[in-house]
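Asker: My request is simple: use the sequences and hints to build the entire structure.
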Amino acid sequence: MSGTSDRYGFDDFDGSGDGPADGSTDGTFPDDDWDSGLLEEELRQAAAILDPVPAALRSVAVDAFALHDLDARVAELTFDSLVDGIPVRGETDPPRMLTFQADAVTVDVEVTPDGLIGQLLPPRPARIEVLSGPREYARLTADDLGRFTGDAPPAGPFALRLRTGGEVVVTEWLRA
Amino acid sequence: MNGLLRGGTTPSTAYDDVSYTRGGTVDRAEVGALVQSAADGDSAAWKSLVDGLGPLVWSVARSHGLSDADAHEVYQTAWFRFAQHLGRIREPEKTGSWLASTARHECLKLLRASKRWTPTDDPQLLDRPSEDRTPEESVLDSEEAAAQTERVRLLWQEFEALGERCRQLLRVLISSPPPSYQEVSAALGIAVGSIGPMRQRCLRRLRARLEARGTTS
Numbered sequence: 008m009s010g011t012s013d014r015y016g017f018d019d020f021d022g023s024g025d026g027p028a029d030g031s032t033d034g035t036f037p038d039d040d041w042d043s044g045l046l047e048e049e050l051r052q053a054a055a056i057l058d059p060v061p062a063a064l065r066s067v068a069v070d071a072f073a074l075h076d077l078d079a080r081v082a083e084l085t086f087d088s089l090v091d092g093i094p095v096r097g098e099t100d101p102p103r104m105l106t107f108q109a110d111a112v113t114v115d116v117e118v119t120p121d122g123l124i125g126q127l128l129p130p131r132p133a134r135i136e137v138l139s140g141p142r143e144y145a146r147l148t149a150d151d152l153g154r155f156t157g158d159a160p161p162a163g164p165f166a167l168r169l170r171t172g173g174e175v176v177v178t179e180w181l182r183a
Numbered sequence: 011m012n013g014l015l016r017g018g019t020t021p022s023t024a025y026d027d028v029s030y031t032r033g034g035t036v037d038r039a040e041v042g043a044l045v046q047s048a049a050d051g052d053s054a055a056w057k058s059l060v061d062g063l064g065p066l067v068w069s070v071a072r073s074h075g076l077s078d079a080d081a082h083e084v085y086q087t088a089w090f091r092f093a094q095h096l097g098r099i100r101e102p103e104k105t106g107s108w109l110a111s112t113a114r115h116e117c118l119k120l121l122r123a124s125k126r127w128t129p130t131d132d133p134q135l136l137d138r139p140s141e142d143r144t145p146e147e148s149v150l151d152s153e154e155a156a157a158q159t160e161r162v163r164l165l166w167q168e169f170e171a172l173g174e175r176c177r178q179l180l181r182v183l184i185s186s187p188p189p190s191y192q193e194v195s196a197a198l199g200i201a202v203g204s205i206g207p208m209r210q211r212c213l214r215r216l217r218a219r220l221e222a223r224g225t226t227s
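Chains as they are written, first to last, in this note's numbering: chain A, 8 to 183; chain B, 11 to 227.
Warning: the hint list may mix true and false statements.
To be verified - Result set (DMTMM-like, lysine to aspartate or glutamate): computed pairs, CA atoms no more than 20 angstroms apart in a straight line:
1. B:K119 to A:E117
2. B:K104 to B:D50
3. B:K119 to A:D87
4. B:K119 to A:D91
5. B:K119 to A:D151
6. B:K57 to B:E103
It is worth saying that the hints were derived from the structure and are not from the lab.
Values in this document were obtained by computation on a predicted structure and should not be read as measured data.
Answerer: Dropping the structure here:
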């Protein structure tokens with residue numbers, strides 16, 4: 008596909024990889040905005056028929072309104088080994104290390120297929136709910152040193168809701 | 011569905027003349043108002059947001075070539091996070107871009123998790139074929155709609171045969187209602203200014219493929 012690379016680095020326009028030299032038609036083909044608009048619209052309708060948002064998924068999003076809680080503080084994901092970590096050579100399935108932060112509160116979580124290990128800082132006891140969507144999946148307890156353990160989180164996105172000293176902190180949703 | 015979030019059925023002309031401001035049929039100011047209402051506890055407003063912006067989120071998941079299961083999780087994660095941040099989003103009128111960007115980052119993470127020994131930002135390397143993207147076509151199986159069905163099927167077939175980048179761009183552009191270029195930019199991590207020209211080229215490729223099959227738009 009020579010000559011099809013362009014300044015956008017957009018060099019895989021056409022799956023065929025052959026046919027007329029695609030790049031050379033630029034500028035010689037008068038663009039027809041109306042035709043493009045029509046084609047895009049037709050494609051939009053095709054997508055609505057052939058690849059719509061699954062109905063069950065839409066319901067999940069509608070139900071997610073229940074997760075809206077203005078009183079809870081959101082602990083944002085500040086470290087994710089999947090993104091920020093350096094892969095360890097030879098380790099094919101390293102634990103997922105996550106750090107969440109809400110102001111002075113830090114929650115470190117390590118997830119492996121075997122379970123979940125966590126540390127709340129500064130150290131303090133807490134009641135913890137593992138959330139799987141709007142549903143509660145499990146309950147854990149952090150000891151006086153802020154340590155907690157549990158089963159592996161559920162499939163799909165999860166979050167931790169920590170209640171400690173009258174404060175509620177919820178970790179950002181993510182998939183383990 | 012809320013009227014302002016209706017899907018467009020008439021072609022919008024001259025997208026490229028307004029590529030920086032194209033807002034499709036979702037009224038941005040009203041999205042901001044809906045977000046505010048939802049944050050105040052209005053579940054109908056939330057539902058309107060799901061209907062108006064859900065297809066965009068879905069298109070982002072689909073455009074990244076994820077498996078069905080992964081695409082479902084990306085969609086859910088984006089909405090769970092949005093619910094969680096409701097009332098805390100700095101620019102509520104840009105919620106579409108916020109959701110698109112959140113979905114994109116989740117897509118990249120899942121792609122990375124699937125091959126975590128080679129973290130990469132190269133979109134070419136991140137392309138992974140979907141395991142089960144066979145579309146549900148049963149809704150089209152009615153005799154009288156056969157011709158139309160054939161046309162839609164053929165169009166989709168040629169769309170899916172486009173190169174990865176065109177497929178990705180168009181899949182997001184054709185979510186319904188049409189996304190703004192800012193949202194497309196957030197969804198795919200490409201500059202707003204390059205969307206218009208890329209869109210034209212991709213649609214031209216698609217038209218050429220259709221013409222080669224003796225079908226013109």
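Asker: All hints are to be evaluated individually against the structure, with a verdict given for each.
Answerer: Each hint, compared with the structure:
no. : hint             : in the structure
1   : B:K119 to A:E117 : holds (17 angstroms)
2   : B:K104 to B:D50  : holds (18 angstroms)
3   : B:K119 to A:D87  : holds (10 angstroms)
4   : B:K119 to A:D91  : holds (11 angstroms)
5   : B:K119 to A:D151 : violated (34 angstroms)
6   : B:K57 to B:E103  : holds (16 angstroms)
Comparing the model with each earlier hint shows a violation of hint 5 alone; every other hint is respected.
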